[in-house]
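Order-wise, the sequence lines are chains Z and G. The first sequence: position 26 = 26 (the numbering used here), numbered continuously. When you read off a place in the second sequence, starting at 1, and then add 229, the result is the number in the numbering used here.
Keep in mind the hints are simulated off the structure, nothing from the lab. Note that the coordinates shown come from a computational prediction; the quantities given were computed from them, not determined experimentally. All C-beta atoms in this analysis are idealised placements derived from N, C-alpha and C, irrespective of residue type, glycine included. Some hints here could point you the wrong way.
Derived CB-CB ranges, DEER-like [said to hold, decoys possible]:
no.: 1; chain 1: G; residue 1: S331; chain 2: Z; residue 2: L128; range: 27 to 35 Å
no.: 2; chain 1: Z; residue 1: R153; chain 2: G; residue 2: R308; range: 14 to 22 Å
no.: 3; chain 1: G; residue 1: E392; chain 2: Z; residue 2: P97; range: 35 to 43 Å
Covered, in the sense of this in silico footprint (three residues per stretch, anywhere, with C-beta under 8 Å from a C-beta of chain Z), are these stretches of chain G [claimed, not checked]:
no.: 4; stretch: 248 to 257
no.: 5; stretch: 262 to 271
no.: 6; stretch: 290 to 300
no.: 7; stretch: 322 to 330
With the C-beta cut set under 8 Å, the calculated list includes, among others, these residues of chain G facing chain Z [said to hold, decoys possible]:
no.: 8; residue: K303
no.: 9; residue: F410
no.: 10; residue: T417
Below are the chains, spelled out letter by letter.
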Amino acid sequence: MAMSANPDRPEESRYEEEERLACGRLLSDVWDAGDTGRAADDPHLSVCPHCSAALAELTGLGDAVRRTCAEEPGVPEATTAAITARVMDLVRLELRPGRPLPLGGPEEDHWIVEAAAARLLRAAVDALPGVRAGSCRIEPLDPADPTGPVHVRVEVAAALDRSLPDLADAVRARIAEVADRDIGIRLGAADVLVVDILDEDDVGDDGGTGGERGEGDEYDRYGTGGAAR
Amino acid sequence: MPGDGNQMTERAPEGVRADEALLVVRAGEGDEEAFEALVRRHSPAMLQLAVRLLGDRADAEDAVQDAFVSAWRKLPEFRRDASFHTWLYRIVTNRCLNRLRSRRPAADLDSVPEQAAPEHQASPARAVESRAAADALAGAMAGLSPEQRVCWVLREMQGLSYESIADTVGISLQAVRGRVFRARRYLTEAMSAWR
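Bound-form chain G, shown alone:
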């Protein structure tokens, strides 16, 4: 089931999330402990986002680390009425987009992600099938352009609306729709070859 095995989630109880505004203000005024609490809280969701965008765990960890340091530098200018999570999400996404753009095309063919295979002892056949589907999709995703990949991942894996993607990436709604459409067309073709 989607979401299983992801207990680290962002969905902390309200009481735990509630002091976020205070932590953000404190961090913006140079309070390192407050920032550390924010980093710890947001790391899992940001890492998951980066892994999906980049398809590589080590690369994703570097991107998230860079994004947090960049956030620390920019925090004094952070608008209080904005959502910290959304702001961070944007920084991570754009870091990842830049990393995708700077990858040499030849390297892409080798960068199919390695993921630890979870134990599915109850249903090995199904696990193999799922894993094969995941591998095929990961391989196909490597053929997308950086822009298509980012828009498609935000839409299909992260579940964002077209509007939110436009806002996050800083492009028009129409451009988002075009990129998601082309990514889908490319991926359905690639996946039908697999099936």
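Isolated chain Z, as found in the complex:
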């Protein structure tokens, strides 16, 4: 079998050997030098007609890429809106059952899905000044009693304008109020976990975790319509 002759060497691994210029240099090396701006460090590259021609071809391709990117039409707001609408139509058709939680007293047979109750509780927490809710999980306090009171665990990002115990108390009180008055679930316990700090900037305009940018930075930097260089 032809493939087994070189099991440790996938076809991609020897691409360097594919083209050697008439001067003996590998095309891949010459282009790498052009790519990384090292071409000027090697006098041969500017003197040798083969190498200079290869570098000029790469530059020409780079120019075409830049022009192509410059000619690209932007994404109109209407397109973004249309894509978002189509995606959300499909998303809303998806059934994501989720945990049912009992509404009202143990004798009643009314239920609410966890995600729906969580959305109401998050909105209630968001309405407090300097607080934004993240994760909100709701489950029976006693797993053996699915119709009993529930246990709420909510994560929040908060501004540092008051002590965390005060803040946690305020969030708990708000959850208790909304759970009882607006939703109708019996609250057994509520845990509040502060997972992030809101910057001052974020607090005023209703939002923000003050979170740091992560590993996606590179993708962000180049996701915006220009050629790389």
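Once you've looked at the hints, dock chain G against the given chain Z.
Then chain G, alone, in the frame of chain Z:
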């Protein structure tokens, strides 16, 4: 200039981007409104990526739409410490790669992208020249294999490092280098015929 005319960018002010982690957690727990905000925020960059990968606007819109629905289904398993943007980028890229692979080779010759010609009244000659270069490149790109095209676009149009491409596509660094090299060699030849 590269980047001009692309004001929809991902580069929103920090304050706008900052609540992303909360939105992602909420969406993962089934909050549709949170997901909608994420879709709206990330659509332009993902669409731009898909247009470059596929060379066709309508096809790109379908790919991005599929990718978002797939993301919604997978979100409950999304690792919190990962970047949502990077995760999404990977999903879109792989959707596009699969679409390229499933295209019939004969169709490729007809699928040179149609792009609206922007108005460049100040310098019509230059606009025509740029447009001709763009058309020639688009035509040449249609001759790349799906794997070469994806690696090359991520490298040359999206500006990703070889490492990031390997991570995004799920192949070795050496394989990425090989594909980008072969794509360049093919495209320089095709473009020199044009010039």
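Now for the hints, and whether the structure bears them out:
Remark: the range hint 27 to 35 Å for S331 (chain G) to L128 (chain Z) is contradicted by a beta-carbon distance near 50 Å. Roughly 19 Å separates the CB atoms of R153 (chain Z) and R308 (chain G), a value that falls within the hinted 14 to 22 Å. Checking the proposed 35 to 43 Å range against E392 (chain G) and P97 (chain Z) shows it holds: the Cβ atoms sit about 40 Å from each other. Against chain Z, the stretch 248 to 257 of chain G contributes 6 residues with a C-beta closer than 8 Å to a partner C-beta. That satisfies the three-residue criterion, and the hint holds.
Counting residues of the stretch 262 to 271 of chain G whose C-beta lies closer than 8 Å to any C-beta of chain Z gives 5; at least three are required, and the coverage claim holds. Counting residues of the stretch 290 to 300 of chain G whose CB lies closer than 8 Å to any CB of chain Z gives 5, so the stated coverage by that chain holds, three being the minimum. Counting residues of the stretch 322 to 330 of chain G whose CB falls under 8 Å from any CB of chain Z gives 0; the rule of at least 3 is not met. The interface hint given for K303 (chain G) is violated, since its Cβ lies 12 Å from the closest Cβ of chain Z, which is over the 8 Å cut-off.
For F410 (chain G), the shortest C-beta to C-beta distance to chain Z is roughly 5 Å, which falls under 8 Å, so the interface hint holds. A hinted interface residue such as T417 (chain G) counts as satisfied when its beta carbon comes closer than 8 Å to some beta carbon of chain Z; here the least separation is about 4 Å, so the hint holds.
Of the numbered hints given earlier, the model fails hints 1, 7, 8; all others are met.
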